[in-house]
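Enquirer: Next come the chains, spelled out residue by residue.
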Amino acid sequence: METVVAGIKSSFKNIYTGVWDFINLLIARSLRPEELKRSTLTALWFMFLTFPILVIKVNTVDNVINWYWARVVYLGVTVYFVSFFWRYFLEVKEHGIKAALDADPVDTSIADGLTDNGQMGALSARLMANKKFKTALGISLCAFAVAFPFMFSMYQTNIMTNALMYIVLGLGLNIVVGLAGLLDLGYVAFYAVGAYCYALLNLHFGLGFWAVLPIGAVLGATCGLILGFPVLRLRGDYLAIVTLGFGEIIRLVLQNWNEFSHGPSGIANIPRPGFFGIDLSLKSSIIYMYFIMIGLCLLTIFVVNRLQHSRIGRAWVALREDEIACQAMGIDKTKIKLTAFALGATWAGMVGVVFAAKSTFINPESFTFMESAIILMIVVLGGMGTIVGVIIGAFMVILTPEYLRGIGEYRMLIFGATMVIMMVFRPQGIITSVRQKYKIMKDKT
Amino acid sequence: MEYFLDLFLGGLTRGSIYALIALGYTMVYGIIELINFAHGEIYMIGAFIALIVASVLTMYGLNMISILLIASIVAVIYAAAYGLTIEKIAYKPLRKAPRLSPLISAIGMSILLQNYVGIAQTKDFIPFPNLIPEFAFLAPYKDTIRSSEFMILITTAIVMVFLTLLIKFTKIGKAMRATAQDKQMAMLVGIDINRVISFTFVLGSSTAAIGGVLIASHIGQINFYIGFIAGIKAFTAAVLGGIGSIPGAVLGSLVLGWTESFATGYISSDYEDVFAFSLLVLILIFKPEGLLGKSTTQKV
Amino acid sequence: MEPILQVKNLTMDFGGLRAIDNVDLEVNQGEIVALIGPNGAGKTTFFNCVTGIYSPTMGDIMISADTSGSVTPDTPKRINGLKPNRITELGLARTFQNIRLFANMSVLENVMIGRHCRSNANIAGAVFRNKKTRNEEEEIINTSYQLLKDVGLEQFANELSKNLPYGAQRRLEIARALATDPFLLFLDEPAAGMNPLETKELDDLIKKIQLEKRISILLIEHDMRLVMSISERIYVVDYGKRIAHGAPEEIRNNPKVIKAYLGEDADA
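For the record, the sequence lines run as chains F, G and X. All residue numbers for the first sequence refer to our numbering, where the first residue is 948 and numbers rise by one. All residue numbers for the second sequence refer to our numbering, where the first residue is 4 and numbers rise by one. All residue numbers for the third sequence refer to our numbering, where the first residue is 12 and numbers rise by one.
Honestly, I wouldn't trust all of these hints.
When the alpha-carbon atoms are kept at most 30 Å apart in a straight line, the in silico DSBU-like pairs for lysine-lysine are as follows [what the hints assert, rightly or not]:
id, chain 1, residue 1, chain 2, residue 2
1, F, K984, G, K99
2, X, K142, F, K1081
3, X, K19, F, K1386
4, G, K91, X, K219
5, G, K99, F, K1384
Partner residues are not named here, just some residues of chain X that face chain F (Cβ under 8 Å, in silico) [claimed, not checked]:
id, residue
6, G92
7, N96
8, F113
9, S117
10, C128
11, N169
For the record, the hints were derived by calculation from the structure and aren't laboratory data. Note that beta-carbon positions come from the ideal geometry of N, C-alpha and C, so glycine has one too.
Sequences and hints are given; from them, build the entire structure.
Expert: Laid out in structure tokens, this is it:
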């Protein structure tokens, strides 16, 4: 026992000296004359660049101009430091940490851990390989999920339900973007299809939530096929634009076709899901909704995980990696792309139904391009092609603005910046996708 | 007939503005094969800068012509600076990355810029001063053509001629064409690729800013979101004409302008944007190489 | 010797450019045939036409064999213009000149992709993972692993393919193509970038494929030593035209071929 404690102590000490060493080297780098010069110049450039828009605010009604001088100073200081880290990380990415720091940190694994899957990655991999740890983690997560609505307020539960919806949306889009490599910017259209499907079927035929849920899924898949079919021949970036166009067309039609969709005023009084014919209070229906989403989430994770590690999932990844080689290896590109579109859209259709039932009111404003961008953000941030990544991404994207109130207004600004930063420094996302390792029956022919 | 003429002229004006933006898309795509999603935002920023400068100058009581000139020049300079910076930050580090990475980065940049302007300025529509004076010689025809429309047509024509000459006859124009054809080869014969790319962004951004100033004073109001729709439409125009081709961008823009104008005039004005998006979808599906583009076989 | 691939009057135009001009070619069962010619002669274009990546302008491509190995000379099948995946399903597999592996998939998975067209688990099978799917999956893994052993890459099975050394990547491409159960294998410059030792190993591997797996081979190659040592017949193309055809010794001494390669400035 004592040796274990000593071991932990010494490893902590190692980490401590390692981090200290690393910080010292970073400071040394930042004090290089060239670095100082470049940071200063960048800061000045950005102060010039943002000057008119940040500083001068015109009130055209009263004909007065307000000057916000402080803003440009804050920006200059921020840019000064950001530019230093920007250059540092770019250099690490291109030439490795040794070149960037111009020295060998005592323990590079510390620095690696801060930048890439060094020690941290290895540690988590070792922990995840441990069966006991995995079960313990799973059980405690389940317990927490079940207890959540009883531990926290209704408001919190509602937010959590929201996050769960985005997990499912993210996992659905992940099939199309992360696995099959098809950039779909109109994903929100399928979400809209699901939501309007429930609202209209309920309005005209009085169908209930549970009856429409599978209909929404099937309708989503069908729309995925309908959209998928014409765009099959298109290359990556054209595909992105066409799907964006489709998404906007659907929204604009919903907005203008009053007889069908009730136009911009939307559809109100959509019933919440029924619970064996019992009328639920608002509080219990929020909790009920939460558990429906937990169920849907587990189902999605299960299905997507199975798909990912199947013959079809492999074909998607092959398609993403190299379309021509994929075809030359006997994979029917058409079929596999359509499968990806349809299976991705299925989840959006289902969550659309849930969304309509949860908010009891829908209008076309909920289905703008920005919504597609947020779902894409979840996939990009968390890690394309990984389930855990998408879950973490959804929590970060949906929960951070809720809990850090100050962020609210800056939410989309931060998303935009994060998208750029992720693509430049870590295109694989927070969680790197790891290929499955196969067990081979030795020498069996 | 008069109605037709009105729509025709309206379409021509619209098309000219699209052309000014579409040029940036087409040039950038021609050189680095990237849909510069943030390009529409440059156009929006150009309009905002012009508004800010014009408002400040108005308070100092300058005359209209000099306000127009100074505001346009400042807008163009700033747009070029933004274009240059965006390329350095969001695209240059991704030259060797898989195709989707710069595209996602571009979408991020577009969202970032929109919200930056939305937060720093305002998210509401703001009125844009009419910078373009009423020309006396147009007075007899003022029922047919407004001064601002006239100005848009003339400016677009001048910009087109200027660009064509620049690309055909100058050294940097030749370097641009060479880079568009084969980046590796251009590099081997001593062309500084980074400079050519930067220059392309500067050129495209400047023309977009001109478009921004013109349309803003024609319509009379702007907000932080105008770049998104205009950007997609201009991209549609560029693809329609054959992306990478400069005459194609102009032709595509005019066709798109007329389509929108006649469709809203004769069919329904509710679906204005739907017509443009439908055209985009149809073109990309049935004739992705566009009207003037060459069809290319993918190299294996 | 029964022909299993017959190409007649194959012509491919790109706009005004004729990349392949009336080329005839035949591969018999069990043969190793080489297609050589200077750079830009149209060799890879020829491959792309036959494997369906391009649709040829004129001519016929006929196959008269199937994946079970039986030869059907009386009922040749015309495969012009079929999609690449259909052609692979019919038993023609290929490798690429500029290696096109699935970089972020493991070495084993790359080969498993080759089994795609010989297996048929669908979405339901993938989700419910029933007995049939599990058995099929096991068959895919075992076959693929065996193929990795055949090309000597089994110790890298779980590595990402992009991390393999160059020579190994070329061999992995061969294993991946073999996984589709072809009767005819197209190798596009398999020895490019290999050192002499690796080339020697490749030589053995190709012969092994021919003899043990009874697969015929058509290869494009610039390494003349390799070409002369393993091929039974050689076709030479230049500027899209077939300029010579015959056994290695004939080709070695053919004046036309020598001229094409040495690029004499005399007019043709």
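Enquirer: Taking the numbered hints from earlier one at a time, note which ones the structure violates and give those numbers from smallest to largest.
Expert: The structure conflicts with hints 3, 4, 6, although it agrees with all the remaining ones.
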